[in-house]
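Below are the chains, spelled out letter by letter.
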Amino acid sequence: MEMATVKIKLFGLLSIYGGPRTVSVQANTVGEALKIAGAMGVDKSLLKEALIFVNDRPVRNSRRTYKLNDGDEIALLSPSGGG
Amino acid sequence: MLFKVYCRAFQFIMKYAAYVLPWRKPVLLEGEGCLKELPGRIEKKGIKSILLVTDSTIMSLGLADTLISNLIDAGIDTAVYDKTVPNPTIINIEEALTMYHENECKGIIAFGGGSPMDCAKGVGARVARPTKSIRQMKGLLKVIFRLPPLYAVATTAGTGSEATVAAVVVDSDTQEKYALMDPALIPHEAVLDPLLTVGLPPIVTATTGMDALTHAIEAYIGNSNTNQTRAMAKETVKLVFENLYKAFKNGKNITARANMQRAAYYGGIAFTRAYVGNVHAIAHALGGKLGIAHGLANAVVLPYVLDDYGAAVYKPLAELADLLEIPGSTAEKKAKALISEISNLNTRMGIPETLEGISEEDIPSLSDHAYKEANPTYPVPVIFEREDFASVYYRLMGKSGFPGYTGKIANINLTTSKVSKFTLQKDDLKNYVGGKGLAAKIIYSTLDSKVEAFSEENPIVITTSPLNGAHAPSSSRFNISTISPLTGLLVSSNCGGDFGLSLRRAGYDALIISGVSSKPKYIKINDKGIRLYDASSMWGKSTSEAQEMMGLGGKLVIGQAGENLVRYACVASAERVSGRGGVGAVFGYKNLKGIVADSKSTIATISDDSKALNIKWISHLRNHPLTGKQLPKLGTSALVSMMQYNGLLATKNYSSGQYKDFESISGETLLENHLVKNSGCVSCPIRCGRVVKLGGAEVKGPELETLGLLGSNLCNNNMDSIIKLNYLCDEYGIDTISFGGSVGFAMELNEKRLWNNGLNFGDSSSLEDLLKLVATREGIGNDIADGVKEMAEKYGGREFAMHVKGMELAAYDPRAAQGMGLGYATANRGGCHLNGGYTVVLEGLGLRVNGSTTIGKAALTVFFQDLMEAASAAGSCLFTTYAVLPAALVKNPNKFFTRAACFLLPYMGGLLHFLHNHAGLLGLNLPHMLPHPYAVKLATRRNMNIGQFIRAGERIYNIERLVNIRQGLTDGDTLPDRLKSPLRNKPGQKLVALDKMLKKYYRIRGWDAHGKPTKRRLKKLGLEQ
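Chains as they are written, first to last, in numbering that gives the first Met the number 0: chain A, 0 to 82; chain B, 0 to 1024.
Don't read these hints as lab results, they were simulated from the structure. Among these hints, one or two may not hold up.
To be verified - Here are some, though not all, of the chain B residues that point toward chain A, as calculated from beta-carbon distances under 10 Å:
1. Gln629
2. Lys699
3. Glu704
4. Cys714
5. Asp785
Just so it is clear, the structure is predicted and the values come from calculations on it, not from any experiment. Here a beta-carbon is modelled for each residue, glycine too, at the ideal position from N, C-alpha and C.
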């Protein structure tokens, strides 16, 4: 099966790990994408509790088998507050 | 509350039980030289051996010599005990008792002032009850049996002890001063010979005279009077006012001396039946613990306590004023005039307003003693809590008011250039805490009808808070309130700059600026006082230049925008601003360029408890994901991306909640490409501020609101331009939110051809020039400077005029967060996210409560609005309230317990509603969860718990609303059509279901259908009009 080429976009505390905030990777599921991000050096505990949006749609982090298609964007965010 | 009921019940019973007690008046011997007759009277009783109780001063003055030789001549053996100390001790009594028995005495002469008399009574009591110790006879009716013949010879005027049931003694072991009270202790005969008082030094004359006055007044204003006690009290008051000063000035004035003795005697008769009150309780504790003379203590304390009683004593004090022919048109005026006369009398006789020897550590135990003495026994007009006693002790130290406050508010009139003192009403600090709360109360009390923002009558009220300088983290914030030129309503504008601390150091809790200056001025406040200076050289300068020119100290300044009355001009303090509502324009209208406060003093010391709480609180903030990680690392700018994905990011004048180019203006981009470091307000460990590069310089970086309103809202994806605009807005002194909102509206007016102004969404190139035009009110800038509401009146486009009550909205699009929509609609100062309760932090940002549902949102909004209101009034940054959201929930959005909690929270609306309206149930402190009320308690040494804190917040919210209603607000809790009307929106676009939530909101708040607080709710909050 061909791997989908997707974009992982890191935001919030997840983005501060010393690497690029946006990467293009090969992944078929959300789970795979998260694994790759972890391998890149993104904090694994933050990844576990990341808020996930695939193409602007919220996807529960536990749905690791959520299928990704070519060209999808996976945004990973951490909670924030402000004014 | 229950305790007060108990006290009143006790006093009621005592009052009526007293009718059956064996009251008597001593047989009176009075007149010049009447002392000569005493030995004869004693001899007639068959007494052959008598104990004379006195003190060493009297013996050394030889006052008793004639009497003693006359007694001996009459064949009466006289044992003299002269070791009584000023506050007689049990040791004195026991020594004198030994002498009594050794000499087989059959009677006692008390010769002197109150101390020998009380000592003598103590001896008599011990003779009457040989098996009981003095300690055991403490309190009421413990003596009962008849004393040996007791003759009281008064050498002062005085305690009235010659007529009273009380003997006040000091237990040297416990340092307690307490009273034995029993009609058996009333002396059998009293001798009032004015010749004995002729030699009294003026200060003793003064203080003992004021003691007599205190007896009379405390008796008269108490709840246990009889016709006789009232008559006696009145007689005393009259005699004191007519004779005390005369006796003070000329000790040899026999008539004045005799009248003062009579006054003391009548005063004794009055108070021994009608009791004394809180003044005596306070004075006794000072006497027992610190040895401060009784008369002096009473004299100094009396005016404070009468003042504190307030309306409860207007009537009786007015009656006394009438007796003295003190004029006044109302009971209140007469009462206050009388208190003033009492203070004057003190001053004329050299009695001070403070007392030496009290230190702060003493106050808790002093207050405790006073509280226990007064309650339940004394039928006082107002029952004092320990903190009420503490307040008096603090003032006696020379520290005005409570800790946590300076007790001074200055009123600066720019029209007359005069500075005067502003006095709060009693309990204002307790009920409104400080900051925006106190400001709202001041404005409510000062204005009695509608006032225009640009008018002489509009006051600027600048208030600090009790946590300022109390070493509570992130709690140095202060507030500027006034009637807003943008909304015509009350605006409270909060600021994290250092002006508040400087103002406190200079000795002021608050400033009230009234009137209008004819020329540009600035105000300087330092240890020399408050003065106005010419500001013409500063006029036209930017905020940073003006601050520079004002020299050392904490400053407030306006820029050109304020000078030109831009309706959303702000005030700068260091690099922070009092941003919203156009407070800067009111400064400009008053020709006030700014204020500088400079003082070398420090803010009052804090207790060890405060230090411990401070450490824990800082640690909590540092460990919380929002305040310890996101805000320091990314600042509020982190929200751009979060809002984008939640559909909350106001885009293109709120036509949408998402911006396709959001990444160009995100917090992550700011961090990567522009950030130099973070920064923070004074005393803040969160440090959410940004420092960024601009050209070659380092300047303050943009907050979330600015990124939204000048970025996505204008379809501006140019971060450099936003950074520049942010900098310029600060320099001109303009609110970035209202500016962005106004420009966005102008762009849509242009797009829809309602106003040809040349401004286009997505075109950032002209924005810098536009900002200048706005700040100087030139060209199209003149219209934009008036804000969205005014522009809509002029050009139309009301359906997309994004303001509430005239205030432009913040960057959150509330269609994806229903609670935030309700918050915008109901916030007292207009479309504000923070004053609105900031429920959006629950609805997707910090937690994930369903933003689309209206369930529970009304309760959450009310709860958080009031909590934040109180936190702001206490002086804390609202970000400290985010740390109230449990870290475990915030950090773990995906865990089951978090998802469950977020799901359930809306359904807890009923519980929140209940707790909010029964805040008494939250009468405890949980410093780990909500540190603020506990911190306020430690800083002010006054009771404050979670329930009282929230109640204070509710009270403040309501009084702000009352001001607004007076300013003409009716049915003002609305939202722009774009946010709630389907007609102006894209098909399928979410809307805010405001009406539904508003009904619930009003019900929880106890307001009517028009948003007006009901009488019932106002009564509950103590706000009856």
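Evaluation of the provided hints:
no.	hint	verdict
1	Gln629	holds, 5 Å
2	Lys699	violated, 15 Å
3	Glu704	holds, 7 Å
4	Cys714	violated, 18 Å
5	Asp785	violated, 25 Å
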